[in-house]
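Chemist: Here is what each chain is made of, one letter per residue.
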Amino acid sequence: MKEPVKLKDKDFVPFKEEKPNSSRAVVYYDKKSNEMGKRPSRKEKVRAEKLTFYYGTKQALQNINLDIIANEVTALIGPSGCGKTTFLRIINRMNDLISGSKVEGNVFIDGDDIYHPDVDVVELRRRVGLVFQQPNPFPKTIYENVAYGPRIHGIRKKAYLDEIVEESLKQAALWDEVKDRLKDSALSLSGGQQQRLCIARVLAVRPEVLLMDEPTSALDPVATQRIEDLIGTLAANYTIIIVTHNMQQAARISDTTAFFLLGEMVEQGKTSQIFTRPRDRRTEEYITGRFG
Amino acid sequence: MVNIKENSIKYIFLLSGLLSIFILLGIFYLLFSNSYPALRDVGIKAFFSRGYWNPTAYSVPQYSILNLIKGTFMVGAGSLLFVVPLGVACAAYLAEVAAPREREIFKPVIEILAGIPSVVLGFFGLVVVAPLLSRIFGLPNGINALNGSILVGIMALPTVISLAEDAISAVPQEYRHASLALGATRWQTLKNVTVPAALSGILAASLLGMGRAIGETITVLMATGNALADPSSFLDSVRTLSANIAIEMGEVPRGSLHFHSLFVVGLVLFLITFIVNLLADIIFNRYREGV
Ligand SMILES: Nc1ncnc2c1ncn2[C@@H]1O[C@H](COP(=O)(O)OP(=O)(O)O)[C@@H](O)[C@H]1O
Ligand SMILES: [Mg+2]
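Listed in order, the protein sequences are those of chains A and B.
The numbering of the first sequence is our numbering, which starts it at 1 and goes up by one.
The numbering of the second sequence is our numbering, which starts it at 1001 and goes up by one.
Worth flagging that the hints you see were computed from the coordinates, not collected in a lab.
All C-beta atoms in this analysis are idealised placements derived from N, C-alpha and C, irrespective of residue type, glycine included.
Be careful, since some hints might not be right.
Said to hold, decoys possible - Pairs of lysine-lysine residues, derived as DSSO-like cross-links and limited to a Cα-Cα distance of at most 30 Å, are as follows:
hint: 1; chain 1: A; residue 1: Lys179; chain 2: A; residue 2: Lys158
hint: 2; chain 1: A; residue 1: Lys183; chain 2: A; residue 2: Lys157
hint: 3; chain 1: A; residue 1: Lys179; chain 2: A; residue 2: Lys157
hint: 4; chain 1: A; residue 1: Lys183; chain 2: A; residue 2: Lys170
hint: 5; chain 1: A; residue 1: Lys50; chain 2: A; residue 2: Lys102
hint: 6; chain 1: A; residue 1: Lys102; chain 2: B; residue 2: Lys1191
hint: 7; chain 1: A; residue 1: Lys270; chain 2: A; residue 2: Lys43
hint: 8; chain 1: B; residue 1: Lys1191; chain 2: A; residue 2: Lys170
hint: 9; chain 1: A; residue 1: Lys158; chain 2: A; residue 2: Lys102
hint: 10; chain 1: A; residue 1: Lys183; chain 2: B; residue 2: Lys1191
hint: 11; chain 1: B; residue 1: Lys1191; chain 2: A; residue 2: Lys157
hint: 12; chain 1: A; residue 1: Lys158; chain 2: B; residue 2: Lys1191
hint: 13; chain 1: A; residue 1: Lys158; chain 2: A; residue 2: Lys183
hint: 14; chain 1: B; residue 1: Lys1191; chain 2: A; residue 2: Lys179
hint: 15; chain 1: A; residue 1: Lys102; chain 2: A; residue 2: Lys43
hint: 16; chain 1: B; residue 1: Lys1045; chain 2: B; residue 2: Lys1070
As the list claims (entries may be wrong) - If you want the footprint, here are the derived chain A segments under chain B, 3+ residues with CB under 8 Å:
hint: 17; stretch: 123-130
hint: 18; stretch: 201-214
hint: 19; stretch: 235-249
Using the sequences and the accompanying hints, generate a full structural model.
Modeler: Encoded structure:
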């Protein structure tokens, strides 16, 4: 982050090889047991420090302190309007687009302040991918949707693009369904396929952090299941932050859960702990209220 | 009670729809019935074979409208050549880049441009654009197809800008956000996502602009020199279908063969504009489905 880097063809290393100093790589531990202890080090990837956010004069986040660990799935839960989306969009600076918005405090990725004036926002957004709540593929072909990111980051060679498109679609578990119809319109896909295409489109620029804003809220149970499975496999290579309305989903797929309420982060902990022994009364009320 | 109101509103819309179809057919019938004597006596072929337009010649009158069609298309296509890039650039600027304040200034200016009487534009062509062209190209005068194209372009510009702006504004915000979130700049997003997604509307806007340009009469009449010869370049004087009708209709004896053959010219003009507009419609609907 210290010096903005322009990407060239050579910076896009095919997935098979590993980027020299990549922080993502190995699956450290058994997901089901949630045993953090087996992990050699729990390196933090994203850190929010005393983060406060305003839409004009309206305060949406208040003094958030939150650590997000590399190669984990972190779930953000909380009632509607508590600031989950706002927090997510601060991490890749999509909130810059909203005029009159203001950030106080700090957000660090790999220890670098992402709101430092020298930061190249384009490069930041490449490193921190965002999957939206509603699937939003471009009205282009399936191939062009995935190739879009690499293209704007300067990749021109057809063979290279082909490889990136195939690898990304495979990672997003969509390749087998679309490999014979890459030239078809992305809008001809089902909702669940469109969302996986959007995930592939983000993966194609080789992000390090993957932000997902209620990615299954517009999908049916079968498509939801596929995306949840996908998130499980992606965690090996990416740091994932997922906003979800659905607490069962948070419990199923995340390692860590953070509970937001009225713009504050009430409690963060291992998912198993949050859902069985919440420390804060408000967390307990929210969880039990929902589970009935 | 509500039902009666709903129904009557429905019928009013239906009626006005039917009325416009009726008027369209009526105009077509008027043109065709008045063209018929000429088509019968001169023959369709005479209008479309090589030669000149000269129905009043002493020896052998000629009825070929090929040069007129060519002149019409030169002025129309020539204007598109600079209206489309300029119009789309303006529209993209207004829709995507301009601050609300700038938009408040530009939009009325463009509307005023649309409101300039065509005669006034014709004057502008005669005293400003034509001398400029004659200087640039070293011609005795600048009264030619290029001059006509420029003026008609100025006339079509507001239509193209406002329709193209509608098309660009109608592109869902989600596409822009998806692009920006991938690390695209605003410019890359505009060029690679927004404008392509609005392409159908932009093409339709351009064709409608062209439809307007083709029928435009008085400005063209003042600006192009109205020569009947076969134009070999944009620096030649041309006469368009519409200018031809306007020039001759006032002096032609009612009911003469010449009179009726002017209706044939009108009929051809009508068909050309109709086809161009139809094309605009088809493109608009085709591309709206996506990709
Ligand atoms: N663009 C905006 N302008 C003003 N207020 C906003 C905007 N987006 C969200 N908000 C407000 O900020 C608060 C947090 O919203 P959001 O982050 O979307 O919540 P969540 O995703 O948890 O439902 C809400 O009160 C919402 O109304
Ligand atoms: Mg939200």
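Chemist: Each hint: holds or not?
Modeler: Status of each hint after checking the structure:
With a C-alpha separation of about 17 Å, the suggested pair lysine 179/A and lysine 158/A falls inside the 30 Å cut-off, and the hint holds. Simply put, lysine 183/A and lysine 157/A have alpha-carbon atoms about 18 Å apart, close enough for the 30 Å limit, and the pair holds. Distance hint between lysine 179/A and lysine 157/A is fulfilled; the C-alpha atoms sit about 20 Å from each other, no more than 30 Å. Taken as a hint, the lysine 183/A and lysine 170/A pair is honoured in the structure, with Cα atoms around 17 Å apart against an allowance of 30 Å.
Under the criterion of a C-alpha separation no larger than 30 Å, the hint pairing lysine 50/A with lysine 102/A is consistent with the structure, at around 14 Å. Note on lysine 102/A and lysine 1191/B: the hinted pairing holds, with a Cα-Cα distance of about 29 Å set against a maximum of 30 Å. Under the criterion of a C-alpha separation no larger than 30 Å, the hint pairing lysine 270/A with lysine 43/A is consistent with the structure, at around 15 Å. Among the hinted pairs, lysine 1191/B with lysine 170/A is consistent with the structure: their alpha-carbon atoms are about 29 Å apart, no more than 30 Å.
Using a Cα cut-off of 30 Å, the hinted pair lysine 158/A and lysine 102/A is violated, with the two alpha carbons roughly 41 Å apart. Taking the CA atoms of lysine 183/A and lysine 1191/B, the gap is near 21 Å; set against the 30 Å cutoff, the hint holds. For a cut-off of 30 Å, the pair hint linking lysine 1191/B to lysine 157/A stands: about 20 Å separates their Cα positions. For the hint pairing lysine 158/A with lysine 1191/B, the CA-to-CA distance comes to about 20 Å; that is within 30 Å, so the pair holds.
Among the hinted pairs, lysine 158/A with lysine 183/A is consistent with the structure: their alpha-carbon atoms are about 15 Å apart, no more than 30 Å. This hinted pair checks out: lysine 1191/B and lysine 179/A have alpha carbons roughly 28 Å apart, not beyond 30 Å. Proximity of lysine 102/A to lysine 43/A is assessed by CA-CA distance (about 29 Å); at most 30 Å being required, the pair is judged to hold. Among the hinted pairs, lysine 1045/B with lysine 1070/B is consistent with the structure: their alpha-carbon atoms are about 17 Å apart, no more than 30 Å.
Only when three residues or more bring their CB closer than 8 Å to a CB of chain B does the claim for the stretch 123-130 of chain A stand; here the count is 6, and the claim holds. Check on the stretch 201-214 of chain A: 3 of its residues sit with their Cβ under 8 Å from a Cβ of chain B, so the three-residue criterion for coverage holds. For the stretch 235-249 of chain A, the stated coverage by chain B is violated: 0 residues have a C-beta nearer than 8 Å to a C-beta of that chain, whereas at least 3 were required.
In summary, the numbered hints that this structure violates are 9 and 19.
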